[in-house]
Every structure is written in C-alpha cells, then in structure tokens.
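J.: Spelled out, the chains give:
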Amino acid sequence: MNHFTQFENRPLADQLIEKALAYKNNPRMDISKGLGKRVGCIFLNPSLRTRASTQIAAMNLGMEAIVMNMDKEGWALEMKEGAIMNKGTVEHIKDAAAVMGTYFDVLAVRAFPSLVDKKEDSEDYIFNQFIKYSGIPVISLESAIRHPLQSLADMITIQENILSSTKPKVVLTWAPHIKAIPHAVANSFAEWTLGCGHDLTITHPEGYELDDKFTKGANIEYDQKKALEEADFVYVKNWSAFNDYGKILTTDPAWMLRETHLNKAPQAKVMHCLPVRRNIELSDEILDGKRSLVQKQAENRIYSAQAVLSMILE
Amino acid sequence: MNHFTQFENRPLADQLIEKALAYKNNPRMDISKGLGKRVGCIFLNPSLRTRASTQIAAMNLGMEAIVMNMDKEGWALEMKEGAIMNKGTVEHIKDAAAVMGTYFDVLAVRAFPSLVDKKEDSEDYIFNQFIKYSGIPVISLESAIRHPLQSLADMITIQENILSSTKPKVVLTWAPHIKAIPHAVANSFAEWTLGCGHDLTITHPEGYELDDKFTKGANIEYDQKKALEEADFVYVKNWSAFNDYGKILTTDPAWMLRETHLNKAPQAKVMHCLPVRRNIELSDEILDGKRSLVQKQAENRIYSAQAVLSMILE
Amino acid sequence: MNHFTQFENRPLADQLIEKALAYKNNPRMDISKGLGKRVGCIFLNPSLRTRASTQIAAMNLGMEAIVMNMDKEGWALEMKEGAIMNKGTVEHIKDAAAVMGTYFDVLAVRAFPSLVDKKEDSEDYIFNQFIKYSGIPVISLESAIRHPLQSLADMITIQENILSSTKPKVVLTWAPHIKAIPHAVANSFAEWTLGCGHDLTITHPEGYELDDKFTKGANIEYDQKKALEEADFVYVKNWSAFNDYGKILTTDPAWMLRETHLNKAPQAKVMHCLPVRRNIELSDEILDGKRSLVQKQAENRIYSAQAVLSMILE
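Protein chains in written order, with the numbering used here: chain A, 31 to 344; chain B, 31 to 344; chain G, 31 to 344.
Hints listed in this document are in silico derivations from the structure and should not be mistaken for laboratory results.
Wrong hints could be hidden among the right ones.
Which copy is meant is left open, because identical chains are indistinguishable; a pair holds if it fits in one copy or across any two.
Stated by the list, open to error - Under the rule of at most 16 Å between Cα atoms (straight-line distance), these lysine to aspartate or glutamate pairs were calculated in the EDC-like manner:
hint	residue 1	residue 2
1	K110	D314
2	K117	E239
3	K162	D318
4	K110	D318
Using the sequences provided together with the hints, build the complete structure.
T.: So, in structure tokens, the structure goes:
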C-alpha cells in the first residue's frame, strides 16, 4: 500500500480489518516496526479524535509523530499553480509539501472542503496537492470528499457487532444540523459499506442526494421510517446538499433519530462518527442507551490508523 | 490512589512528598514504570509550567504524554446535561471524556472557574464531569477550586526549607492584582498546609475571606503587619472576592509584599506559584533576593506530578 | 560550545559542517547521546521548518523535545527590567526563563524583531534575556538579527554543491516582498559566508544597506546584473531597510530573480531559506528548475540543528 485515501478493494479492506483487530487485541505487538520512522500529521482544520488516535497508533508502532496545526502554528498555504503570491498566503503547497516529504517517512493530512467551490472540492484538490508534491506516502485524515480512516473504523465496528451470519442491513440516515457540514463521512461510509459487501439503504430529505460516485449500488429511500425497518446498523450523519452545493435545505427535527424511530428495528445498533450535536442529530436516550456504538467506533479509530500505518511501513 | 484532586490525608501527603524527593534526587529511577502507558493532558485554559512539568514527569516515568489544548486545537465542549446542542458548542463533555477514557490510561485536566456562577464553580462542575464520564483516573491540573499539584510542590518546598524541628509559621498573604483571579491556589494551599500540620495564618483585606471549607483551622488576621511577624514562610497570592463572588474589592498597593514588610520576620522565605505580576503582587527586591523560593517551587512541580503519576500507576 | 547564537570562528564552523554531513549520512548514529536530556523549544513567533527540523534533530539524538508556542499556548512575556506589571503582560521573562532553565537541559528560542525599536532589535534584547536568565545553553531559532541554524544549513548546502576547488562566487541578492521582513537571514548569511572564506557580493537597491557589522568584507554592488555575473551561488532574500528602519522602500519587480537574470551565470545554483513568495521574490521557473537548492537547504536544517545539539551535549 502506498497512499491511503479511499476504499480500494475488498481483499485489502478485509486485510486491514483483520490487522486492526489483531492490534486491538495486542496494541504493542509491532512496537519495533516503526522504529526510527516519522509520521508528520498536518492539520489544516481542527481535530481531537483524529489527532490523538493517529498519534497513539504511531506510538504503538514505535514511530514518532509530529503534529503541525497549519492554521495556527504554521501559515496560510497557497494552493494555486503559478500564483503570484502578493496576498495573504505565505508559502506555496509545492514548497511546503516537498519539505515535509524530506522531513517525514509518511504524511497524514486533514484538509476540509470549502463547500463553496464544488469542482475543486470534488477533485480533492488540496489533498491531492500534498500527494503530488510530498513524494512520500500520504494518509487521509479526512479530505474534502472522504474520511477513510473513519470508515475503516466503522467497518471494524460493524464486523465486531454483527449478530448473525447473514448480510446485515445498514442504513445511513441524514440528520439535522445547524451548520453546513461536509460530505466526506457520508461518502466514505457509503463507499466502504458497499465495497465490503453490506446491504446499504440511504435515507434523507429530497435534495440531499449525495454524489452518486459514492452511492451507486445503495438503495435510496426518502421515507426514513420505511428505511429504518429491520435495520441492523443505523449510521446517523448530517451533510449539506451536494447538488445545491453546501446549502442547508432543511433542519426538520423530525429527522433526528429517536428511540421511537426504531420501533421496527429492535436489534438496530446506532453509529455516529462524533462529534455529535446531542438532541439535534441524535437523542440523548439513544446515545446513552444500549444501542449506541459511538464509543466503540471512536476506540477503533486507533486500530484503523495503526493497521494503515503498519501496511504503509511494509 | 485513583484520582488526584485534593488533599486526602496526612499519611498520603507524606508519602507523596517522600516519593517526590526521591524522584528529585534521581528523576529516572522509575523510567520503566510507565512504559506503554499514556496520559492525556487536557487544557481548557492556557498553561506553561503545568504543561511542561506534567510532560516531563510523564517522560521521567517512561509514559507517553499527549497534550490537547481544547480551546485552540479542539473545540468548545457542551457541559450541561440534556442540552439541545444548537448553539456554539460542538461536542458534549460526555462524549469527549468517554473517548479520552478510551484513548488514555490517565487523564490530566485543567479547567478554570467562570468566576460568574458561584454554585457551579464551587461544585467543580466541569472538572467533575471529566471524572464522571472518562472512567479512568483523573489528575487535577487546576480545577475551579483547587490546584493540588501546585500545593504538593509547595509542601515539598516547605519541607526542603524548614530550618528547625519546630512547627513553621506559614502565612498566606493576599496581594493586589489587576484582574479577577480564581481561588484555587489559595484554597489548595490552605487545605494542604493545614492538612500537613503546619501553623497557618491567612491575611487579607476585609471582604476577601476564602470559602471556610478550605480555611477551617487557620488563623485569620486582617492586619498584614501583625500576620507577618515571625513568619517562616510567606505565600503571596492574589484572589478575587469569594463572598462578593469574583469581584475585585481593592487593589491597594500597600498590600504588595516588600522587604520592609518583613522587618519582623528575618528568616521568612517567600513563595509564589507563578506567574507573578512583578511590582504589583510582589516587589522585584524580594523576587530577586535570597528569600525567594519561587524557582524551587516551580522545579518541584515536576516531582510533584511525577510522584502523583507514579502512585496512580501502582 | 555553550550557546549557539552566531558565527564564532572558521574551525568551529568547519567542525559543525563536517558533523552535520556525518549525521546526514547516518542520522541515528548518536541515538543514545541525548538520552534523558530535554530541549525546550520556545516560539515567540510562528514556525514550520524550524520547529519540525529541531524536533527531528533532537529525536535523532535520543533527546526529548518539548515545544512551547508562547504566543498561543502560553502568555505574553514582560521584557523590561523593573516593570510594574499592571498591563497586558502576565509573566516576566526573568521568571519564565529561569523556570525553563530548571526544566530543560537546552533551550532553543525564536524571537523576531519588532522592526520598530532599532536599538532594542540590534542588541537582540529579547533573545539575550533568555540567555541571561535561563542559566542553560541557548540555541537561536532565529533572533532579531541572526538566524544561525539557517546559515549553517546554507553553508552545508554550499559545501555539498561546490563544483570546483576554487573559491565559489556567492551573491546575496535582495528580492521584492509585500511585507516588512527582518534582516536576520541576510545578516547571518553574510556573516557565515564571509566567515567560511567564500567570496561574497551583496546586491540590493540603494537604501537597503544592511548593518555593516555583518557585511564587512563583502563586495556591495547596486547593479544586480553585474553582481550576478559568473555567480556560483545566488542567495535570494528580501529584507526591509536597515537605515530607514523597517521600511519598504521599493517593491520593483525587476529585482525578482528570473532565468534571464542568470544569462551570464550558467552554473549558478539558486538558494532561498523558505518560505518563499513565488513570482514575487523568485520565479516559478527557477524554483521548479535545476538550479534550485531550496529543498536541499530545508533538508539540511535537520542536520545543522543535530550538529549543534550534539556539540552542546558534549
């Protein structure tokens, strides 16, 4: 594995899940594997879980992790080719990424979308500039359109909680939110769930259709009630409109998942990537109840990152 | 020892002081004790000494320390139970603390008081939410009402500088300041000094009475001159009013400790937890003179944290 | 070696260059040398390359590096002796530096100039306060007037790229910039280039004369075209006026180095300390072409810091 940016294929996904579960069972089994290797963690946007879990994953492999909060500790990067840099940007991504490629063995990058320039976001422009110019393996810590370490952690969590040998019914349900939120988590979850061979239903208000590049093969159902019937796993997530790019079309509280929504899904486990807006996206009763897998997902972020770093070191 | 949040009892305090002095003599004597263990250092407020000394203490035990500056690198936490999170807070303390409990073996938390909501501050609400929801040992790096690692360092410093075998006279004297300052250092200093069996006099302008939960057993003396007579240790500290909660009642410069105040206390050593406002709280002549123990207190912060981490690891 | 703040003498410079090249060849050859030693990296100003390269250099020697971003994680330091601290500053450099001297074995400090108070900047007041009060070896990570780790990296880069055994012609050429930039890099580059026995020509518009304390022995040539003839190494850098202190006198784009400027210097290699304002200071064609040594300079920052730390540990 060179870069880790998206779902590649089922055998690789299965291998990563297996590796992650082995690390979860014995986190320091490969403590010498990364000795003398360094991962640079570049944050163009804030982070809590992702930063801590990546640092821990690196430490568990004996690697050194150096965190750079570019927005606060560094400076504004210029992203455009050929730019005449007479404005606010202080360093070109070309130069910064190349330096980082010299300083580190692996780069891990978080770069959110603008939610303004649909074309640039869809091409994952900023993230791909790091790949283009660093010259070393790059791991996505959430790009404009994908959050693959989260999705890998989600797949691990589903695998740990499958009750029967039959294909689980997975539902991705849109939730209200007060801010315009990126599509990355929803896109990646769809991509990985489908790629891992699960049965996926996506439910959301009309207008909230995701980029079909990620959802092809999923069942789209506008009636949330119907979508949730007999669900085994319900993934709750807000995202802003994709067609009417970055817009909030509704905040209808009826879409907030509550216990009553799951009357016809008695065994359903509920997932969310965190941070979650309580009682806006998801009710307290569910988050604090037995259905919730959110803490397990968060814990699996460590082992998803560790499995990925480990395979990149190979 | 599970959590470290306050003075518990004299035998434990004596044990911690002894342990700290052993570490001061040989900082890396237990370098393998914390191997593979992680402490998460959560700062809801800025820090210099506390952050560095805690990191060093952890390193001296072979532990990994991960620092999270929540106000800058993370995001605003919601503290209220049952909150409908449709405002500025991004994640509930419940969820964030539980994740941290999964990621770390020990949590160290700094959470200052509001100085507005007396009841919430007095209950140490925010700090206790971390204890409630993280599920792992929590160390106070200064809470709304206590700063026990500072006080432990102060007790170590007093023990190192006691001249005779008789009970030392310790004086806590209020000092002027231009800002409203929390009560935590003063509260904890009183709690630990009394708990360690020292003779404590507290002097301050009328209206600056501390919460008597912390000062019971101390001699309260409004006449600073009288209070300082024959003092062995003079602890200088500003705090805002407790009764008229969070208010500044006076900034009378006569209360600033100067050499002339110590005419009748020739052997007095002067202490301050730093940062100190020079020539407002305390004069240059004292800070730069032979009476000052402030640098020794700061150095002992390392060993106070190391002793506490060490006992929590046991 | 005690402090590392400037060019001292040629034998020491040669020794540092040799040591740095040995580390470049085998970065972890002295991995046990710094075991149990700590370097505190104090940033009063932002940093990317300097912070990461210093941390990596420390790690390569088995040292622990603790980074403190004073402007963000700490608080405003008071710099004036005898100050009555009733304004915005929270802690006196005296106290903060002394604490750091207790916590660390080596201090590395970045402190930019004000570009307002010429006398204070010229005395390197802030940086020297850290030396005065910390009581431990201090390394400059760029002070008001010098950037010696950058210059050492530059000397290493020149040595690696000298084509013949004859003295290379080195040209330091002023470049336009939209902001008022410190003199530190230019000063240090002149000081080290001359100290290392290279032939140095400095070219800039009239009014941009540097402090002649640093440039004595250099050839000053106001005609950039003439200065660049037969150059072996061209160092491109903006600085603000020194005489008319901190002012921008011109932003004439004719001074931006382009390929056509180097018609009469076919073998010239081009250097810049980064970050560089592309197409303002230096053209894309040069930065992306074969002449550019900028990435090699950045890489050598690791080994320049490692050589210095190593000698301070001795």
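J.: Hint by hint, note whether the structure agrees.
T.: Consistency of the hints with the structure:
Within a single copy, K110 and D314 get their C-alpha atoms only as close as 44 Å, which misses the 16 Å cut-off; across copies the closest is 12 Å, which meets it. Proximity of K117 to E239 under the C-alpha cut-off of 16 Å is found in neither arrangement, the shortest distances being 37 Å within a copy and 26 Å between copies. Proximity of K162 and D318 under a CA criterion of 16 Å is satisfied inter-copy only: 14 Å between copies versus 44 Å inside one chain copy. Within a single copy, K110 and D318 get their C-alpha atoms only as close as 46 Å, which misses the 16 Å cut-off; across copies the closest is 15 Å, which meets it.
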